[in-house]
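Novice: Chains P and E, in that order, are what the protein sequence lines are. First residue of the first sequence? That's 1 in the working numbering, and the numbers climb one at a time after it. First residue of the second sequence? That's 1 in the working numbering, and the numbers climb one at a time after it.
It cannot be assumed that every hint is accurate.
[To be verified] Simulated DEER-style distance windows between Cβ atoms:
| no. | chain 1 | residue 1 | chain 2 | residue 2 | range |
| --- | --- | --- | --- | --- | --- |
| 1 | P | T110 | E | K78 | 49 to 57 Å |
| 2 | P | E66 | E | Q17 | 45 to 53 Å |
| 3 | P | A14 | E | K71 | 49 to 57 Å |
| 4 | E | K78 | P | P18 | 45 to 53 Å |
By construction, these hints were calculated from the structure, which means they are not laboratory data. Where is the CB? At the ideal position from N, CA and C, for every residue including glycine.
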Amino acid sequence: AQSVAQPEDQVNVAEGNPLTVKCTYSVSGNPYLFWYVQYPNRGLQFLLKYITGDNLVKGSYGFEAEFNKSQTSFHLKKPSALVSDSALYFCAVRDLDTNAGKSTFGDGTTLTVKP
Amino acid sequence: EAEVAQSPRYKITEKSQAVAFWCDPISGHATLYWYRQILGQGPELLVQFQDESVVDDSQLPKDRFSAERLKGVDSTLKIQPAELGDSAMYLCASSILDRGILTTGELFFGEGSRLTVL
Chain P
1 AQSVAQPEDQ
11 VNVAEGNPLT
21 VKCTYSVSGN
31 PYLFWYVQYP
41 NRGLQFLLKY
51 ITGDNLVKGS
61 YGFEAEFNKS
71 QTSFHLKKPS
81 ALVSDSALYF
91 CAVRDLDTNA
101 GKSTFGDGTT
111 LTVKP
Chain E
1 EAEVAQSPRY
11 KITEKSQAVA
21 FWCDPISGHA
31 TLYWYRQILG
41 QGPELLVQFQ
51 DESVVDDSQL
61 PKDRFSAERL
71 KGVDSTLKIQ
81 PAELGDSAMY
91 LCASSILDRG
101 ILTTGELFFG
111 EGSRLTVL
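This is chain E alone, in the form it adopts within the complex:
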C-alpha cells in the first residue's frame, strides 16, 4: 500500500539552530500539505502545495519557516532559527486533486516528524 514518507521521525535541537523536515507524498498526488500539531490540539495547516506552487501559506510564520516543492514531488519544510514554541509534531499529507477540479478525497498522512526544541 502506498504511503507518505517523512523523515526524520524524531528531531531534538537547541533553540536558534536550523532544522529541516522532508516529505515524499504518494505517487500521483498533486496536492501536498504541511500541518503542525501541538500536543493536545488538532493539526493546523502551515502550507499547501498544488504541484510545485504554493496555494495557501497564510498560517506559515514566514520570518522563520520556509517550504518548497521544487519539482512538484517531494517537499522540504525548514525552520531557522528554531524557537522553544516550535516543539510539535510536523505532519505531511497528500491528496488527489485534479487540476481545476476539487475531488472529494481524504488526506493521506505520513507518520510525522516530532520536533523538540531545547
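Isolated chain P, as found in the complex:
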C-alpha cells in the first residue's frame, strides 16, 4: 500500500522569505510524486511532478521540489514567498510498479504568507 505524510498542518512565513512544505512518502516500488495546490472551494491544481532524472524539479509559479530517495521525501520549496501563495497544498504519490494509476494524497498543509 502507498501512503503520503505531510507532517505540518500549517506553515506560516513572511512575504519575501523562503518557504518549505514537507512531504514524505511510502511505496513498494518506484514513485511518481506530485504537488497540487487548492484554493478555497476550488478543485486541485497541478504544480509539479517528479518522475525520473534530476532530483530538483521546477514547476508553476516559481515553486520547486527536491526528491530525496534515501529519506523518501519530496519537499516543496520557493525562494521568495508571495501573499498570493497562501493556499492548501497537497503532496501525492503514484506507485510506478502498478499501472492502476491511483494517486494517494496527503492530508494537506495550509500555507499562510503574511505581508
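With chain P held as given, fit chain E onto it using these hints.
Specialist: Below, chain E alone, put in the same frame as chain P:
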C-alpha cells in the same frame, strides 16, 4: 484551456434523499476518477474508470453509492440515500492513460461539488 466540468457546484439535501453529481472530463482523457474530500483531509479515491470500465471501486460504499460512465465520456456519481456523514466535496479528475501503458500524467481536477446533508 480544456477543463473538467462538474455540476452542481453546491448541493444541499436532507438525509435519506437521493443526490447525483455529473462530470465531463477533458476530451481524450481515458481515465476518470471520483474523489471525496472531507474538510481537513486529502482527497480519497472512490472510483476510477478506464473508458467505460471500473478499474478500482474498492473504497466506494456500494450500499448507497453508485457510479457509471456508460459511453466512456461523462460520468455520474449517485448517493441514495444520503447520510449526514456524506457531507464533503466530491471531486472529479481525469488523466491521459493510454491502453496498457501507464503515463506519467498528473490529474486534472474539476472545481468540485460541495454536498451538505442536513
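Novice: Taking the hints in turn, state whether each one holds.
Specialist: Hints versus structure:
Judged by the Cβ atoms, the range 49 to 57 Å given for T110(P) and K78(E) is violated: they are separated by roughly 32 Å. Checking the proposed 45 to 53 Å range against E66(P) and Q17(E) shows it holds: the Cβ atoms sit about 48 Å from each other. The hinted range of 49 to 57 Å is satisfied by A14(P) and K71(E), whose Cβ atoms lie roughly 52 Å apart. The hinted range of 45 to 53 Å is satisfied by K78(E) and P18(P), whose Cβ atoms lie roughly 46 Å apart.
When the structure is compared with the earlier hints, a violation turns up for hint 1 alone.
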